[in-house]
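What follows is each chain in one-letter form.
Number of protein chains: 6
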Amino acid sequence: VFFHAKGLQFEAKPDKPDAVYAMKLQELIGGAWGEMTVAMQYLFQGWNTRIPGKYKDLILDTGTEELAHVEMLSTMVARLLEGAPAEATARACDDNPVLAAIVGGQNPQHAIVGGGGALLADATGYPWNGKYIVASGNLMADFRANVAAEAQGRLQAARLYNMTDDHGVKQMLAFNLARDTMHQNQWLAAIEELKADGLEEEPTPGDFPQGKENEEFSYTLFNLSIGEESAEGRWASGPTPDGKGQFRYVADPQPLAPEPVLPPGDPELYATNPPGGGLVAKVKEKLG
Amino acid sequence: VFFHAKGLQFEAKPDKPDAVYAMKLQELIGGAWGEMTVAMQYLFQGWNTRIPGKYKDLILDTGTEELAHVEMLSTMVARLLEGAPAEATARACDDNPVLAAIVGGQNPQHAIVGGGGALLADATGYPWNGKYIVASGNLMADFRANVAAEAQGRLQAARLYNMTDDHGVKQMLAFNLARDTMHQNQWLAAIEELKADGLEEEPTPGDFPQGKENEEFSYTLFNLSIGEESAEGRWASGPTPDGKGQFRYVADPQPLAPEPVLPPGDPELYATNPPGGGLVAKVKEKLG
Amino acid sequence: VFFHAKGLQFEAKPDKPDAVYAMKLQELIGGAWGEMTVAMQYLFQGWNTRIPGKYKDLILDTGTEELAHVEMLSTMVARLLEGAPAEATARACDDNPVLAAIVGGQNPQHAIVGGGGALLADATGYPWNGKYIVASGNLMADFRANVAAEAQGRLQAARLYNMTDDHGVKQMLAFNLARDTMHQNQWLAAIEELKADGLEEEPTPGDFPQGKENEEFSYTLFNLSIGEESAEGRWASGPTPDGKGQFRYVADPQPLAPEPVLPPGDPELYATNPPGGGLVAKVKEKLG
Amino acid sequence: VFFHAKGLQFEAKPDKPDAVYAMKLQELIGGAWGEMTVAMQYLFQGWNTRIPGKYKDLILDTGTEELAHVEMLSTMVARLLEGAPAEATARACDDNPVLAAIVGGQNPQHAIVGGGGALLADATGYPWNGKYIVASGNLMADFRANVAAEAQGRLQAARLYNMTDDHGVKQMLAFNLARDTMHQNQWLAAIEELKADGLEEEPTPGDFPQGKENEEFSYTLFNLSIGEESAEGRWASGPTPDGKGQFRYVADPQPLAPEPVLPPGDPELYATNPPGGGLVAKVKEKLG
Amino acid sequence: VFFHAKGLQFEAKPDKPDAVYAMKLQELIGGAWGEMTVAMQYLFQGWNTRIPGKYKDLILDTGTEELAHVEMLSTMVARLLEGAPAEATARACDDNPVLAAIVGGQNPQHAIVGGGGALLADATGYPWNGKYIVASGNLMADFRANVAAEAQGRLQAARLYNMTDDHGVKQMLAFNLARDTMHQNQWLAAIEELKADGLEEEPTPGDFPQGKENEEFSYTLFNLSIGEESAEGRWASGPTPDGKGQFRYVADPQPLAPEPVLPPGDPELYATNPPGGGLVAKVKEKLG
Amino acid sequence: VFFHAKGLQFEAKPDKPDAVYAMKLQELIGGAWGEMTVAMQYLFQGWNTRIPGKYKDLILDTGTEELAHVEMLSTMVARLLEGAPAEATARACDDNPVLAAIVGGQNPQHAIVGGGGALLADATGYPWNGKYIVASGNLMADFRANVAAEAQGRLQAARLYNMTDDHGVKQMLAFNLARDTMHQNQWLAAIEELKADGLEEEPTPGDFPQGKENEEFSYTLFNLSIGEESAEGRWASGPTPDGKGQFRYVADPQPLAPEPVLPPGDPELYATNPPGGGLVAKVKEKLG
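Chains L, P, C, U, R and S, in that order, give the protein sequences.
Position 228 of the first sequence, counting from 1, maps to 228 under our numbering, and the rest follow consecutively.
Position 82 of the second sequence, counting from 1, maps to 82 under our numbering, and the rest follow consecutively.
Position 203 of the third sequence, counting from 1, maps to 203 under our numbering, and the rest follow consecutively.
Position 126 of the fourth sequence, counting from 1, maps to 126 under our numbering, and the rest follow consecutively.
Position 7 of the fifth sequence, counting from 1, maps to 7 under our numbering, and the rest follow consecutively.
Position 119 of the sixth sequence, counting from 1, maps to 119 under our numbering, and the rest follow consecutively.
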């Protein structure tokens with residue numbers, strides 16, 4: 001169950017409106033790596049986890065916080081849209097290139113659909129969707145995805161920080177950046193904790209019986225680009241990070257299986273078959 | 001430029017057809033964490049990177065290999081679909097519950113659309129799309145996403161391994177699992193290499209001037225779920241993984257800003273305004 | 001800001017697992033008219049509204065409740081998936097038609113992607129997306145959408161109620177049905193309140209100056225299907241519900257404008273133009 | 001069966017081209033609440049209805065009309081795009097900021113994909129899709145959705161009316177606004193007719209046996225936001241609009257069920273289980 | 001403007017219900033190559049064309065007919081769903097494997113969302129969308145797409161014909177197949193007519209000045225797969241179908257440009273730059 | 001298996017950056033008819049084909065080449081984005097309308113998401129998806145789709161050629177246009193080859209037994225638009241292109257089946273039934 005308090009987690013007040021920036025800021029609400037993604041990713045991970053206690057609580061704490069970020073950002077977008085020249089006509093734009101440019105840089109749906117409010121969409125207006133999240137039940141695989149999300153999210157927030165000189169916006173983003181710093185650290189710590197608690201290990205899933213995978217190829221780098229620069233990194237030789245093998249470099253990899261040849265298809269599906277396939281079709285038809 | 005050799009990277013031949021399993025295996029082709037995702041993610045990362053040399057070469061080696069995995073899996077799916085009871089009629093199913101069940105468990109588009117061949121879609125028939133990939137230009141953020149992709153991918157391959165007793169399928173998946181092991185290790189090694197080369201650090205992006213983020217909240221865990229189990233992990237106290245701070249736990253976090261109140265909206269957008277807003281509208285209309 | 005309490009709003013415990021039903025129940029989580037839709041629709045309406053006070057509070061109360069419904073349903077789905085025959089092989093299915101049927105009726109992503117947990121998707125596996133919600137800023141238009149959502153939602157819950165004989169599931173759905181009853185009533189009451197408070201009226205938006213619309217056609221029913229059964233309802237004559245006009249029936253409507261003829265297109269876009277257009281292209285090319 | 005007459009339902013001729021406005025107007029063609037939505041929503045409702053006669057005829061009349069609206073709007077968009085500076089180069093834009101702004105505000109696909117014609121997409125270029133429509137078989141639930149669609153549609157048309165000073169465009173929109181007025185009224189009248197004919201009632205579906213829903217919660221408002229402003233409306237006390245109950249306000253709602261704890265997951269899915277789960281996995285593996 | 005007559009273009013009455021087949025038949029309604037695609041593709045082509053007269057009329061005739069096909073198929077689907085075991089419970093399925101299989105093979109949304117009626121979706125439940133259609137303004141390019149659509153459509157209808165032994169369904173599909181035969185022929189004839197009328201030619205667009213394309217590569221086949229089987233067809237030598245050149249085969253193609261090296265990225269975007277790039281960032285930061 | 005060589009197929013270097021054009025050029029990467037579509041369409045056709053030899057080799061040659069086109073275009077986009085004014089603030093734009101216009105015309109995700117690199121999306125930012133491709137197994141139907149794709153692709157490349165005066169961009173597009181010329185010709189030649197080899201014919205699929213389709217309607221044009229201009233083309237009379245019939249024109253087509261009336265729906269689905277249906281519901285409920 002959730003409860004809502006009316007205050008914002010952090011202030012979300014721009015110095016002045018800026019509809020073009022509002023469109024960009026939507027990326028942090030409804031982009032693939034935006035706040036909606038982490039909110040829903042963490043909530044579903046929390047609801048789906050099999051382990052009550054510290055992990056579940058951490059996940060739900062964080063998911064609940066991210067919802068408050070969606071709220072902050074939506075409030076900021078609505079305020080950035082204040083007085084947006086939604087009704088600016090072509091004539092007005094002809095006389096005023098700056099106005100025209102602003103109109104051109106806006107998302108027209110902010111006015112037409114949202115009436116001056118935020119949308120659940122990204123910086124191009126593409127809607128957020130449920131394929132952006134993962135809750136696999138395996139906490140290591142999911143925490144890996146969480147670190148990635150927080151790194152991409154902090155990167156985008158940093159870029160957006162540099163795209164405005166509005167002090168109010170920068171203050172809010174400075175808070176968001178700090179939270180992304182925390183969450184990157186937190187999920188990295190949680191990965192260590194999972195290992196320390198003996199719950200998972202690399203390669204994930206650690207429970208898959210290693211004897212069943214084809215270990216001949218478990219630590220081999222295939223050089224499939226012409227040139228061997230890729231041999232120069234630590235991924236090409238020496239011990240592997242999982243502590244279970246040694247990297248091996250194959251400079252000139254070859255196909256391990258011959259060209260596949262598919263058998264003639266079912267004549268009732270009318271795939272193009274090799275000559276002769278037509279006969280089969282006729283036979284089948286006569287019989288059928 | 002790419003070149004194609006007709007052999008497969010590894011054999012992709014099932015012992016016998018199994019159309020229901022073919023539908024499931026599509027997840028590894030066109031699912032959010034399937035081979036198409038890693039192929040395109042790595043290729044775009046390689047094409048977009050600013051650093052020629054070992055990193056770019058590694059990325060493109062791996063993207064090129066993943067394309068060969070799409071090829072292997074598509075071949076496997078086509079062979080699993082051989083002789084699928086595509087044209088099974090209702091009458092035939094009435095007489096044969098096992099046949100009926102197979103028909104029910106198939107993806108009908110395998111026959112109707114693909115004519116017995118693979119689709120660029122996942123295990124529910126949902127098409128693969130370009131939002132599944134990320135190529136941000138920041139290699140640390142992207143390698144984090146790559147580790148996550150390989151962990152989720154290996155997890156799914158392991159699950160699918162357990163869903164069949166077909167020896168040929170299991171052999172191919174044993175190869176895929178090994179490659180996912182390699183790629184998890186490889187990207188983890190590459191993250192270390194980025195740090196060793198002084199190109200990136202935590203929190204990503206490391207170049208964002210720390211003084212500009214709101215450091216008061218950079219290492220704070222907000223307990224937003226009632227109950228304090230989340231205080232028990234290493235994410236709640238002690239040094240942070242980035243080596244730059246100490247975790248702090250706030251058991252009873254409060255909103256840091258008051259309830260936001262949006263000003264009346266533009267009357268020409270007809271948002272519902274507080275009483276009195278109607279007046280503004282009429283004035284504006286008279287003037288306009 | 002949100003807070004999370006660990007208890008569920010209502011018990012979500014099936015008598016026994018049923019993976020096929022779990023797939024169906026996903027419609028109430030991530031379908032176009034599911035709980036995620038109303039949760040996000042109400043939260044965005046609340047965040048975007050210009051009117052502090054009773055309306056905003058009501059909207060956010062309800063949005064916050066709907067999140068708890070997503071939580072209940074996700075928990076129910078995870079429990080329905082317990083022991084689902086995810087790893088059932090083809091051989092096992094061959095021997096057991098009931099098992100085969102269950103496998104066929106499952107969403108394979110419940111096992112492969114979710115590891116036995118709920119997805120943010122509907123009963124066919126299609127992901128939830130942000131286009132399902134509306135927050136237009138106009139409360140009347142939005143409350144109309146809310147009534148519709150609650151009516152469709154209750155209809156779907158009622159259908160799903162009839163598709164199971166699991167007592168635990170039925171108990172939870174009986175609670176959901178009751179909440180949909182409340183919410184249908186609540187939004188209908190809120191529509192009345194908006195009118196009573198003088199904030200909106202029919203036709204929405206009430207502030208649009210009626211003199212500017214083409215009133216000749218504001219209350220006219222065009223009979224565009226051959227046959228005149230549509231003349232028999234109260235929508236064809238008598239006073240209109242908005243109290244501002246009289247319905248009028250046009251039995252034999254005619255086009256009000258002639259066939260449109262588009263001028264030749266820009267030759268640089270290579271649209272097929274009427275003969276002679278080619279000349280223009282050559283001239284432009286010579287000059288250009 | 002349909003027949004097409006070459007004239008337009010109403011004139012669709014702008015005074016002069018305006019490619020930026022053409023992009024905005026796409027919202028009325030292919031937006032979630034655009035004419036394509038109502039056209040297809042009504043046609044599918046008509047085709048799926050079980051009741052021949054006045055309702056079916058009304059629905060199909062209106063769906064057929066909305067198709068003509070798509071035609072009008074597409075014609076208008078093509079004319080607004082005439083002479084659009086599709087081929088304007090960067091150099092031309094450097095010299096001419098107004099031109100640059102227009103280029104920036106256009107949808108580039110209008111030229112590249114549509115060759116100067118309309119697209120089946122909204123104001124951001126997002127394609128129309130079949131999830132925007134509902135045809136549930138229950139006429140009350142569907143008419144509720146129809147009222148909502150006409151209210152949102154009229155709201156958007158009114159906003160777009162204010163975004164241009166082109167007389168020709170305004171004339172067409174004045175017609176559209178009038179039709180939205182009619183259709184809002186018509187569906188409200190049809191809701192009354194359904195009740196008068198004894199076919200449906202509130203809460204929808206009226207046929208669901210009330211004794212089966214959990215009536216204790218059918219008329220209760222849960223105050224889940226901190227603060228009690230929501231107690232002030234008519235939705236918090238007094239008789240409910242369905243005439244079957246009294247609203248009740250719960251100021252301090254509590255979870256009705258304890259924290260859910262999921263059992264350990266199937267080891268073959270590699271969900272992270274509580275310590276000890278690993279044992280089960282090994283047992284199962286040995287046996288398996 | 002459109003008019004609707006209540007009769008169907010052709011009878012759409014199955015001998016008996018078959019919910020599993022209903023799901024498959026949805027492909028012809030809302031699949032990428034279904035009737036909705038051709039209906040909307042032709043209508044938008046007609047509305048966007050610059051040439052009044054025989055071409056426009058043909059296009060709109062055909063688009064109007066395809067709408068009637070959507071109607072026929074939707075009616076057929078609704079009838080196939082009659083008596084579908086929507087409310088079949090798990091217990092009922094346990095006792096009856098055939099019932100279970102049917103339930104497994106159904107689209108659950110047919111009952112939950114559609115109430116026993118057709119959806120605007122394909123055989124996996126994926127919604128139809130506007131990206132399936134093309135109306136480019138260039139009639140040759142579009143007629144090529146129309147031929148392709150009718151060929152794929154007829155192929156799918158033929159496959160579906162073989163998947164049922166219901167006489168009523170087969171009769172309707174025999175009509176659809178005939179119409180696809182007509183439409184394939186018609187668009188092929190229209191391509192010839194465009195050439196005969198001097199409106200277009202190959203390669204499309206014929207108006208693009210050939211001197212501006214890089215003619216060295218206009219008729220060259222690059223052998224990028226290892227092996228030279230592709231040299232054996234008429235595409236490898238001899239005159240080209242456009243009558244303007246001779247095919248040429250390059251057995252061992254080489255890259256025509258060196259490896260691209262991107263310059264260091266903008267430091268404010270935090271792309272990973274080559275060592276030294278960090279310096280630029282610090283300078284910029286100090287200055288900025 | 002694929003191999004990657006580091007050089008580009010053709011040079012992809014603009015004279016100078018142009019971020020607005022970069023957004024447009026995305027259409028050729030990730031649009032419905034872009035290079036990604038043909039790359040994946042051809043690769044899947046090749047992997048799914050049943051015929052080893054010249055056809056399969058040709059298809060895979062071409063798919064492999066198209067991947068190199070995605071590479072070229074992505075490189076070009078990254079270079080066009082160099083120095084894009086990503087961090088331009090509102091204040092900077094206020095002073096500089098040309099800058100403002102450029103910012104307005106960019107895709108903000110190029111900076112925020114891609115860090116100055118290409119996206120797998122089209123000119124509006126909509127992601128590429130797997131529904132854009134077809135690999136039906138029937139080579140004739142697929143080659144028809146291939147011709148259409150190359151015609152639409154060349155059309156779009158020609159339009160984009162006219163939208164820039166950058167010499168470097170034009171050189172690359174001149175190469176792309178040439179390749180589209182080749183590929184149009186090649187697939188047209190392959191269609192002829194299929195016929196010459198006796199593998200397929202018109203109407204596709206040629207193997208469907210003609211006696212089973214309703215031949216009465218196989219060559220008939222229904223005039224469903226009022227007016228008879230469509231009678232004037234060669235599609236209305238004379239021999240059909242498939243050489244199997246004569247076109248026939250029906251000036252006044254009539255419905256061939258009466259108005260469909262659906263039976264009352266299952267009461268447990270709560271579709272609105274004709275009066276009396278309620279009784280059935282009550283009976284069923286009592287019994288059930």
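Accuracy of the hints is not assured; some may be wrong.
[What the hints assert, rightly or not] Pairs of lysine-lysine, BS3-like flavour, derived with a Cα cap of 27 Å: (1) L:Lys212 <-> L:Lys244; (2) P:Lys195 <-> P:Lys170; (3) P:Lys195 <-> L:Lys212; (4) C:Lys6 <-> L:Lys54; (5) P:Lys170 <-> L:Lys13; (6) S:Lys170 <-> R:Lys212.
[Claimed, not checked] Between beta-carbon pairs, the in silico distance windows are: (7) L:Glu216 <-> U:Pro258: 45 to 55 Å; (8) C:Pro263 <-> S:Val250: 50 to 60 Å; (9) C:Pro263 <-> U:Glu232: 40 to 50 Å; (10) L:Gly83 <-> S:Glu232: 40 to 50 Å; (11) C:Asp94 <-> S:Val250: 26 to 36 Å; (12) U:Gly7 <-> S:Glu232: 14 to 24 Å; (13) P:Gly227 <-> R:Val261: 49 to 59 Å; (14) P:Ala92 <-> S:Pro263: 24 to 34 Å.
No wet-lab data here; the hints were simulated from the structure.
Given the structure is predicted, the values throughout are model-derived calculations rather than measurements.
Positions of the beta carbon are idealized from the N, C-alpha and C atoms, including for glycine.
For this session: Give me the numbers of the hints this structure contradicts, sorted from smallest to largest.
Result: 2, 3, 5, 8, 9, 10, 11
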